[in-house]
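Enquirer: Here's the letter readout for the chains.
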Amino acid sequence: LAKTTQPISMDSYEGQEVNITCSHNNIATNDYITWYQQFPSQGPRFIIQGYKTKVTNEVASLFIPADRKSSTLSLPRVSLSDTAVYYCLVAINDYKLSFGAGTTVTVRA
Amino acid sequence: GAGVSQTPSNKVTEKGKYVELRCDPISGHTALYWYRQSLGQGPEFLIYFQGTGAADDSGLPNDRFFAVRPEGSVSTLKIQRTERGDSAMYLCASSLGMAEYNEQFFGPGTRLTVL
Numbered sequence: 001l002a003k004t005t006q007p008i009s010m011d012s013y014e015g016q017e018v019n020i021t022c023s024h025n026n027i028a029t030n031d032y033i034t035w036y037q038q039f040p041s042q043g044p045r046f047i048i049q050g051y052k053t054k055v056t057n058e059v060a061s062l063f064i065p066a067d068r069k070s071s072t073l074s075l076p077r078v079s080l081s082d083t084a085v086y087y088c089l090v091a092i093n094d095y096k097l098s099f100g101a102g103t104t105v106t107v108r109a
Numbered sequence: 110g111a112g113v114s115q116t117p118s119n120k121v122t123e124k125g126k127y128v129e130l131r132c133d134p135i136s137g138h139t140a141l142y143w144y145r146q147s148l149g150q151g152p153e154f155l156i157y158f159q160g161t162g163a164a165d166d167s168g169l170p171n172d173r174f175f176a177v178r179p180e181g182s183v184s185t186l187k188i189q190r191t192e193r194g195d196s197a198m199y200l201c202a203s204s205l206g207m208a209e210y211n212e213q214f215f216g217p218g219t220r221l222t223v224l
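Chains A and B supply the protein sequences, listed in that same order.
With my numbering, the residue at position 82 of the first sequence is 82, and numbering never jumps.
So the mapping is simple: my numbering equals the position in the second sequence, first residue as 1, plus 109.
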């Protein structure tokens, strides 16, 4: 599995955009990049997945540069309820999701 | 529709006791996974079922841990002779097939405390 590196924590305020960058320098050609979100006392929840360029859904956007050695999860106009741990995962054909410590995002009023 | 459910939500036991943790996956999901999450860390893979068989149990920490899925639906994680170090959140997830690109749907977890 490609190793990922992401910030331990980030603080933000309601209404701001939050961008979390994940480094995965040894990503393999067939690897996809996936982000999960976990609220306290809940299981992780799939947010978004992408291979290259940009992916957008109703929750977030995922930006992947051409070299794919990093990716940025963008959360637009966060609210207090977006306070959670966000995990960046890189895997191919792999059911063993490798979560790491994730990024704790704290949104303040 | 109903998501993945896990029972009990909390389990407190004494060192040396036997515990069973249950997982009900989403109906129709053939793949089922167990993870363990310690405080402040991300979930760690324990075991993966495809149907009734354990396709990969390489994450089970030792032979005190065992999991079954006899009918390809509900799964039970069994821990013998529990130790204080087994205290953690135990998460179950399911997916339509092998989660190459399928997202895994997680349950709320069972918090196990071994006194």
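Hint data in this document are derived by calculation from the structure and do not stem from the laboratory.
Owing to the predicted nature of the structure, the values given are computational and were not obtained by experimental measurement.
By construction, the Cβ of each residue, glycine as well, lies at the ideal position given by its N, Cα and C atoms.
There's no promise every hint is true.
Said to hold, decoys possible - What follows is a list of derived Cβ distance ranges for each label pair:
| id | chain 1 | residue 1 | chain 2 | residue 2 | range |
| --- | --- | --- | --- | --- | --- |
| 1 | A | F63 | B | D165 | 19 to 25 Å |
| 2 | A | K54 | B | T116 | 25 to 31 Å |
| 3 | A | T72 | B | D172 | 27 to 33 Å |
| 4 | A | K3 | B | L205 | 36 to 42 Å |
| 5 | A | Q16 | B | T122 | 28 to 34 Å |
| 6 | B | T222 | A | T83 | 22 to 28 Å |
| 7 | B | G112 | A | T83 | 18 to 24 Å |
| 8 | B | G194 | A | T104 | 40 to 46 Å |
| 9 | B | Q189 | A | V59 | 38 to 44 Å |
| 10 | A | G100 | B | D172 | 23 to 29 Å |
| 11 | A | Y13 | B | G162 | 46 to 52 Å |
Enquirer: Take the hints in turn and mark each one as holding or not.
Expert: Hints, one by one, checked against the model:
1. F63 (chain A) and D165 (chain B) have their C-beta atoms about 32 Å apart, which leaves the hinted 19 to 25 Å range violated.
2. Our hint of 25 to 31 Å for K54 (chain A) and T116 (chain B) is violated, since their Cβ atoms are close to 41 Å apart.
3. Hint check: T72 (chain A) to D172 (chain B), Cβ distance near 43 Å, so the stated range 27 to 33 Å is violated.
4. Evaluation of the 36 to 42 Å hint for K3 (chain A) and L205 (chain B) yields a failure: the beta carbon distance comes to about 28 Å.
5. Between Q16 (chain A) and T122 (chain B) the CB atoms are about 44 Å apart, so this pair departs from the stated range of 28 to 34 Å.
6. For the pair T222 (chain B) and T83 (chain A), the beta carbons lie near 25 Å from each other, so the given range of 22 to 28 Å is met.
7. At roughly 21 Å, the beta-carbon separation of G112 (chain B) and T83 (chain A) lies within the given 18 to 24 Å, and the hint holds.
8. Take G194 (chain B) and T104 (chain A): their Cβ atoms lie about 24 Å apart, and the range 40 to 46 Å is violated.
9. The hint said 38 to 44 Å for the Cβ distance between Q189 (chain B) and V59 (chain A), and at roughly 41 Å that hint holds.
10. Taking 23 to 29 Å as the suggested C-beta distance range, the pair G100 (chain A) and D172 (chain B) conforms, at roughly 27 Å.
11. A beta carbon spacing of about 49 Å between Y13 (chain A) and G162 (chain B) agrees with the range 46 to 52 Å that was offered as a hint.
Checked against the numbered hints above, the structure violates hints 1, 2, 3, 4, 5, 8; every other hint is satisfied.
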